[in-house]
Amino acid sequence: MSKSVYIEPNYTYGDHTLYYIQQAAEHGLYEIRGLGAKRRLPNFDDLTFLTASASRYPLEGYREKCETKTVLGTRFAKNPIELGIPITIAGMSFGALTAQAKDGLGRAAGEMGTSTTTGDGGMTPEERRSSKTLVYQCLPSRYGFNPDDVRQADAIELVIGQGAKPGGGGMLLGQKISPRVARMRTLPEGVDQRSACRHPDWTGSDDLAIKLSELREITDWQVPIYVKIGATRVKNDVKLAVAAGADVVVVDGMQGGTAATQQVFIEHAGIPTLAALRQAVEALEEIDMVGQVQLIISGGIRSGADVAKALAMGADAVSIGQAAMMALGCNARHYHMDGQLVDATEDYAALGTAPGHCHHCHTGRCPVGIATQTPELEKRLDVEWAARRVKNYLQTLNMELTTLARACGKSNVHNLEREDLAALTIEAAAMAKIPLAGTDWIPGAGGY
Amino acid sequence: MDTMNQSAEALRFDLGESTVRDLNQYLHHELAASGVRHIEVTNPNGQHNIAVGVDAPVSVDIQGHAGYFVGGMNKQAHITVHGNVGWSVGENIMSGSIRVKGNASECVAASGHGGLVVIEGDASSRCGISMKGCDIVVGGSVGHMSAFMAQAGTLVVCGDADPGLGDSLYEAVIYVRGSIHGLGADAQEEPMSNDDYAKVADLLERAGFDYDLQDFKRVASARSLYHWNADHHQEY
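Residue numbers (this note's numbering), protein chains in the order written: chain A, 234 to 681; chain B, -10 to 225.
Just chain B, same shape as in the assembly (with noise of 0.2 angstroms):
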């Protein structure tokens, strides 16, 4: 690692030359009393698992692509990735967000509790899978049973969505932009309130992005399947 312009508040990691571990274990532990708060990540190569589990307020910069897991149990860090990312970018994140310049493999932002993450790209299938309050957009589509058993959040996405959107949906709630190419079980479409779009204004403006607002549709979980029925079986 290296300090860049010569300012104490930001620092390169190299990862050619430094490890994984190495920058993990000094986001956790150096960081907080290093005055550093910004920190770019070059030579990223896909590795997985870069700047999981930070607790801090620092931006960090990854340049290029990166693997599973970046940013996974993310906490108050704003972290970016310049490049496209494999699965799971953001999984079960708490708080502070990531943005992805790229694009996502599966299962982005799953099991997220809180934060923002954007995917400027697409997204491919199970995108918010399990998502228990995040915040979610993505600005092109998404694959396959995205928002499969969401429970709490939001998922907007400014493209299309493929078969199965939000199959098995508890509360969480999802907007799409472009074409539903189909529902999941329990999942049904319903009239956009004002909440509903001052909600996706809000989203899209943090997330950098600017539609028509009139162009989304909201799809909420029909709660059928909120109570076990054997006349159900083949829909849980």
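Just chain A, same shape as in the assembly (with noise of 0.2 angstroms):
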């Protein structure tokens, strides 16, 4: 008789823990990886509603208006950006992803009256003819960056950090480095491109004021110009972006994605985005500046209600990077190419992952052509297709977050309050400083 087996649980060397001690040790490299954290992070999915009942009066969810129009930029601008919804299309390098992607991205966005963002790599003309609204990003690495890009601009954003990665720069494996990459970043064709975890040209809050002054005068202080952080010191870091001239904050909280960086740093650096949106309003709150400079959240949103929750929190706009890709088909089991769905499981498999696991966009070897710059794989992005996905994507974010908005009894996203909100969790209720369901209890309010 064979003695039964029992698999005891460990919780200390689990599965995962053994895998990543075990390819440590075969090939004494950390791992670099794509995407954002997916460790279990109190998120706004720990948040519930308190829609409108007796003591609230809701508005008909299919007749009445609900306006979403988001402003940004008021502070010092003489042309602020004005969007249909509050939710824009995070900064993405043409590098990291494909023309076409960025393509893609930019007519989904235009169709929606949305922005979209440059990234670590330039401006392309492709996301500049299909971007209406195009926010050019000024990153430390400066790959691409250059005046005639600067004018042709609706916004600049000045990004000192990203959630996935505070702290650190990036690094674009030689993979990517195409002729046409490594030409838009004066490089030299598959190096393996280091971008810089410092801006060139400053250091420190007071030098960044000077910075943003600069760029204000190159622009003839027409368009906002953003400062982007990742979230950390949110507090200290929102009221430096405000003192040194920044019209609008980006705060990228620890569940914002990257193209590639250290496994390490995106699941071990930064604070979650529910607590790194509430440190943000209160940064502005404190400094008398809500209203005149506006917010804006990213870091793991992915439907209408997280989107309604940022709003209900305090920020005036989200913007998604992740989600955006996932809409354009990544992770997806399938691409689509002449009219047809083509399984791409093979593929994924050949990277070791599976589709709805894939994290592999550091390779280059993306399964849907997103991520990429092989010729090859591009041509399975239908940038057709794929922007049709994006539009109808945020067409359903925005048709949930106002029939949230509606239900609170809001004629405008921008009225949702704390107060339609209570947390389902004591992490939540704590980080977002919202009291926990049937309570009033709000961990750490009031000494307790």
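Everything labelled a hint here was simulated from the structure, so no lab data went into it.
Backbone N, C-alpha and C define an ideal beta-carbon position, used for all residues, glycine too.
Honestly, I wouldn't trust all of these hints.
[Unchecked claim] Rough simulated footprint, nothing fancy, chain A against chain B, three-plus residues with beta-carbon under 8 angstroms: (1) 5 to 13; (2) 49 to 63; (3) 118 to 129; (4) 207 to 217.
[To be verified] Pulled a few chain B residues facing chain A out of the computed Cβ check, cut under 8 angstroms: (5) Asn38; (6) Gly42; (7) Asp44; (8) Asn81; (9) Cys96; (10) Tyr159.
Dock the two chains into a complex; use the hints.
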């Protein structure tokens, strides 16, 4: 009679940890990967809406208008950005993504009346043409950054950090440094390209003020200047960005994505978006700049409910990156070519992964032709098809947002407020400073 | 502003009376149709962002010291600062030239894509950081970590170079006439070729310096960090 096998769970050295140790022991390298944090973190799912009933009066969901217009950059810019919806497309580089993917995002955003953002590789003519409203990033690397593109941008976003790797630079591996990418970045083809973690021409908050002023001078004070930070010491950083003269502050939480960085960074640096948003709002409240400086939150925004909760907590708009890529087809089982759906499962398997689990943007071997610079793979993204999907996704988010807003009795999504929310977990209640559902308790508030 | 010497081609901006914004707006807009080819800026008094974002074939003489970012993102213009400058003179310069008669603070021509920047005195640390194709000639010495992560272009140093020179270089090339007090990661001294001598001679002539070419040493990338390698992890 054989002895029965009992597999005792090990919460210290579980499968994931064991795999990590064995990989480290085999290769002597830390893991580099794409996308964002995968660990369980308090997030917008841990909040719920207290929609109207007897004490609040709802609006008719299918009939009464709910305004979504969003204006960004009202502080100093002569031409603030006016968007149809409070959902923007986050900065993603040409290099990390194909020019076609950027084109698709631009077309979809344009149809929905919102903005897209360049990335760490400069502005491509395709995305300028396809994006009605384009935010041009000024990053530490300054790859492809030039005054002609500065002058044709609708806003400038000075990037200090991003949520996936606050305090860290980037690494675009050589397989994605195609001739065009190399040319735009003034680099040799195939080199493993490092993106700097600090700007080359300024350091510290006093310098930041002068830098923002330079960008304003170059653009004749016409367009809004954003400052983007990765969420760590959010209160201080938001206040410094405002003191330096930002029109808009973009706060990217821990769940924010990247095309490639160290796994240890993605999972172990920064604070969750939920906590970052509350701190950012408090910072603006403490310096009496709510309404003067607009706040964009990003990092793991996935649904219309997430958008609505972010706005209720005090954001003026949200920005989405990974979710927009997924709408393009990232992690889908199929890609669309010549009117047919083609199964890409084998290509995922060749990367050692499967649809729904892929984070191999850094390899350049994207099975669905989004995060690649290989011409054969690029053909897998049907731009029109992908743009339609992103447009549909944005439309869905907006419908969900307005549905929740109307149910809260709001004729404008920007009227959503903290009182419309309750927390479902103690962690979320503490981080978001929203009372735990069914109580008046905010952990930490009032000394409790 | 006023016209100088009754010449329609010359104009004076007194930054004691006008603002930097007035000057920049003029350079960006009215200048094109004005026929003005030379602008003199008086009383700069160390102000920041003087003559940034210019895209016109104009000469600008700044009579005094300038602060940060003077000549930032310059295209076509020829700017001369008759004094010292703060951080990041000629940052992201695309074309044209900038000449500083005195000394320059940190990050000269940071991320510059083209054009020529001449510092007649010394330049502080990170001179030529992240440069992407511009040429820089420094009459004196440069501070530490100069040409850090420089991607393309040429830095000529007629004096000495402080430690960390050329750290993490890509394809930019550095020439130093004096002492090199330490190279950065992946930077190495290489023999001078005839092409190198010709390049240095050309840049010295354009900068207005006259030195014995035989005194210059070439520093370029060893290219050992071009591909990520765990064994080099402390050097990235």
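Hints and how they fare:
1. 5 to 13: holds (count 3)
2. 49 to 63: holds (count 5)
3. 118 to 129: Satisfied; 4 residues make the cut.
4. 207 to 217: Coverage by chain A holds for the region 207 to 217 of chain B (3 residues, Cβ < 8 angstroms).
5. Asn38: Holds. Min distance 5 angstroms.
6. Gly42: 3 angstroms, holds
7. Asp44: Holds, about 7 angstroms.
8. Asn81: Holds: closest Cβ of chain A sits about 6 angstroms from Asn81 of chain B, inside 8 angstroms.
9. Cys96: At 5 angstroms from the nearest chain A Cβ, Cys96 of chain B passes the 8 angstroms test, so the hint holds.
10. Tyr159: Given a least distance of 6 angstroms, the restraint on Tyr159 of chain B holds.
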